[in-house]
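**Q** Dock chain G against the given chain D, drawing on the hints supplied.
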Amino acid sequence: MLKVSKLSVSYAGAPIISDLSFEVPTATTLAITGPSGVGKSTVLQAICGLVRIAEGAIFIDDRDITQLPTHKRGIGMVTQSNDLFPHLTVSQNIAFGLRMRGTSPRETSDRVEELLELVGLPNFSLREIQTLSGGESRRIALARSLAPSPRILLLDEPFNGLDDEIRDALMHQVKSILQSSSMTSVLVTHDHSEADFLSSSSLALVP
Amino acid sequence: MTARRLLSFLPVGFVAVFLVLPFLNTVDTFFSVSNTRDVLSDPSMLRILWFSLWQAVLSVLATMIFAIPATWALSRFQFPGARLCRGLLTTPFVLPSIVVAAGVLAISQRTGVVSILWAHVVFNVAVVLRIVSPRWALLNPRYEQSAATLGASPWQTFTHIVWPNIRSAVNSAAALVFAYCFTSFGVISIVGGFSRRTIETEIFTQSVRLGNTDVAITLAVLQMIVVLLVFQISRPSLLQTTSTHVSSAPIPLHTKPRGRWIVLVSVVVPVIIVALPLVATLIRSVSYRGHISFHAWTTVFGGTLPQLTVSTWRVIVTSLLFSLATAILAVSLALIAAQQMGRQWFHYAEQHRILRFVTSLPLVVSAATLGLGIVITYNTDPFAWRSHTWLIPVIHALIALPVAIRILEPAVQAIPPSLRAGAALLGSSPWHTWLRIDIALLRPALLRSVGISAAISLGEFGVTSFLTRSNSTTVTMTISQLLGRPGALTQQSGYVLASLLIVLTVGVTSRA
Chain D
1 MLKVSKLSVS YAGAPIISDL SFEVPTATTL AITGPSGVGK STVLQAICGL
51 VRIAEGAIFI DDRDITQLPT HKRGIGMVTQ SNDLFPHLTV SQNIAFGLRM
101 RGTSPRETSD RVEELLELVG LPNFSLREIQ TLSGGESRRI ALARSLAPSP
151 RILLLDEPFN GLDDEIRDAL MHQVKSILQS SSMTSVLVTH DHSEADFLSS
201 SSLALVP
Chain G
1 MTARRLLSFL PVGFVAVFLV LPFLNTVDTF FSVSNTRDVL SDPSMLRILW
51 FSLWQAVLSV LATMIFAIPA TWALSRFQFP GARLCRGLLT TPFVLPSIVV
101 AAGVLAISQR TGVVSILWAH VVFNVAVVLR IVSPRWALLN PRYEQSAATL
151 GASPWQTFTH IVWPNIRSAV NSAAALVFAY CFTSFGVISI VGGFSRRTIE
201 TEIFTQSVRL GNTDVAITLA VLQMIVVLLV FQISRPSLLQ TTSTHVSSAP
251 IPLHTKPRGR WIVLVSVVVP VIIVALPLVA TLIRSVSYRG HISFHAWTTV
301 FGGTLPQLTV STWRVIVTSL LFSLATAILA VSLALIAAQQ MGRQWFHYAE
351 QHRILRFVTS LPLVVSAATL GLGIVITYNT DPFAWRSHTW LIPVIHALIA
401 LPVAIRILEP AVQAIPPSLR AGAALLGSSP WHTWLRIDIA LLRPALLRSV
451 GISAAISLGE FGVTSFLTRS NSTTVTMTIS QLLGRPGALT QQSGYVLASL
501 LIVLTVGVTS RA
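Residue numbers (the numbering used here), protein chains in the order written: chain D, 1 to 207; chain G, 1 to 512.
Only chain D is shown next, with the shape it has when bound in the complex (with noise of 0.2 Å):
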């Protein structure tokens, strides 16, 4: 379960986010909604600690996480500019989450190739980063993201600048496998219809 609690964020002195509080239950989405501007990313950002909270704590499974690194949270995140390494082969980003935790190479494979079957993308392992897609780079950032099985995952945008088509298959995608992993996860989008097709709660920020 993920717990914000009393969050806050200033930016220059100006307060972003005041006072938010909100739980996530395990195994279950929360959409973050509301319109540009509002501070959703920001409150994805303070939940992984890439932005400093001025007040309030953040607790997975009654753990509090607050004053934790970043690398240290076990959060995953996928974002609309996917953020792919362009030094680094498909396979390489992938691989990246479980490198760092030293797993072994041959588990590794295992798992990169695992997760390229499961995003669709199966014989892309040796592909550079320049020759994907719009599309494809949003799936395997999903892939990259889910490798070192986090326990909550951060959604920020993940169907944004993507064409109809592509944008309903991989939403359907994302559901799949949100479920068939039993992960927590929190969305953000400015589109209802993507809310209400794969949370199963919603919180609507306002100006």
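Everything labelled a hint here was simulated from the structure, so no lab data went into it. A hint or two may mislead.
Okay, derived cross-link-like pairs now, DSSO-like style, lysine-lysine, Cα gap no bigger than 30 Å in a straight line [what the hints assert, rightly or not]: (1) D:72 / D:6; (2) D:3 / G:256; (3) D:3 / D:175; (4) D:72 / D:3; (5) G:256 / D:72; (6) D:175 / D:72; (7) D:6 / G:256.
**A** Relative to the frame of chain D, chain G by itself:
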């Protein structure tokens, strides 16, 4: 051959006459295998070779220790004072080596390896910052954030994500820093003392003081082989521009979740290391036997230094005139070269490569080698130029040429060809288009290259040591003379001139 193509050969001809020809002539006349064997079997020469090498390697390591964290902090984060810190760290790049060396001496009060390393660090932090910072800024910070969400520690993020992306820039910077330190003349002359000699200072001693030209040229060739080997191994981009274009906006420091003090320490420590010698120079210029005294300032500006054969005003005016002539010549030639290399209508790829290669040569030839070649080659009529005063700004322009080209070339390339076409369609002649479009848009880059070229001339010490005469003594030569003599007032006067040079250099480069 058109006038335009003939013009493109002007910079190449300039480098050929004042660098390639003198060097080849000197090597042809004085270099021999038996001399090389003698030099390499002389224990004192081997000690000099070995010292030159290890002090340069240590200088590179020391520079990187301070420069890489500072580059990271300034490329990645925004904080109050960041701009000032960047300015303080990059200023020594254009300061005269002799001024920096004098500043280090003012603090350490002793010559030796530590002072040499310190002076080299002061200079070269700017080299690393200018080369690595644009590359680091190009690396999207989101990659590092993604690595962290995938479980990578800060060190793992650096080794797996950051390092592969900045490695080539760091290698380039390291090779250039090595070359600068391996061929350093001013620093070793001032803070090396009697016991610490390098190949560069030994070339001067052997050729000018002892008259052993064959030994000097052997050392020059050996030095060039080492520099070329290092460049070959690391393949630095000699065409690296000094652009500070930032493609990823730095992150405000107050949003960084933790370790903000690491960012501040990464910047503040190098700033102290770099700024202390400059501050010490200013303080030493007004301190006499432990008291504050402006006596040296009034003595210098009264033009009555008994240690000098000419007035200090004349020395200052000579330096300023040389720097003006250098700026005009270097920037004119650089503009010709940059326009030839930058314009799309220049389809002669081979000539383009030759132009780029030849105009880069002054970067790889050391000051002593250049001075030695000039003194030997232009010594007899009708080319007995070595005693002519005009030769000094010409050689200063030769040294400034590659730097001026690297400032102007990106600016020339940034002018959209459509602007020239548009001007032509509106009835503008090629001359008017050049004047009203090219020159107007190049104005900031031209001012910058004029400032840097003038600063290079003001601070040049190595080649000037070979060419100067009593009637053409420059400020750097005078500082060297004053600091090398006993007497508190004499030394203080040296620091007064060093302070003046800091002010002049910062003044002429303030638009750079």
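**Q** Give a verdict on every hint.
**A** Results of checking the hints against the structure:
1. Among the hinted pairs, residue 72 (chain D) with residue 6 (chain D) is consistent with the structure: their alpha-carbon atoms are about 22 Å apart, no more than 30 Å.
2. At roughly 22 Å between alpha-carbon atoms, residue 3 (chain D) and residue 256 (chain G) fall within 30 Å of each other, so this suggested pair holds.
3. Distance hint between residue 3 (chain D) and residue 175 (chain D) is fulfilled; the C-alpha atoms sit about 22 Å from each other, no more than 30 Å.
4. About 17 Å separates the Cα atoms of residue 72 (chain D) and residue 3 (chain D), which keeps this hinted pair within 30 Å; it holds.
5. About 16 Å separates the Cα atoms of residue 256 (chain G) and residue 72 (chain D), which keeps this hinted pair within 30 Å; it holds.
6. Proximity of residue 175 (chain D) to residue 72 (chain D) is assessed by CA-CA distance (about 26 Å); at most 30 Å being required, the pair is judged to hold.
7. Our distance criterion of 30 Å between C-alpha atoms is met by residue 6 (chain D) and residue 256 (chain G), whose separation comes to about 20 Å.
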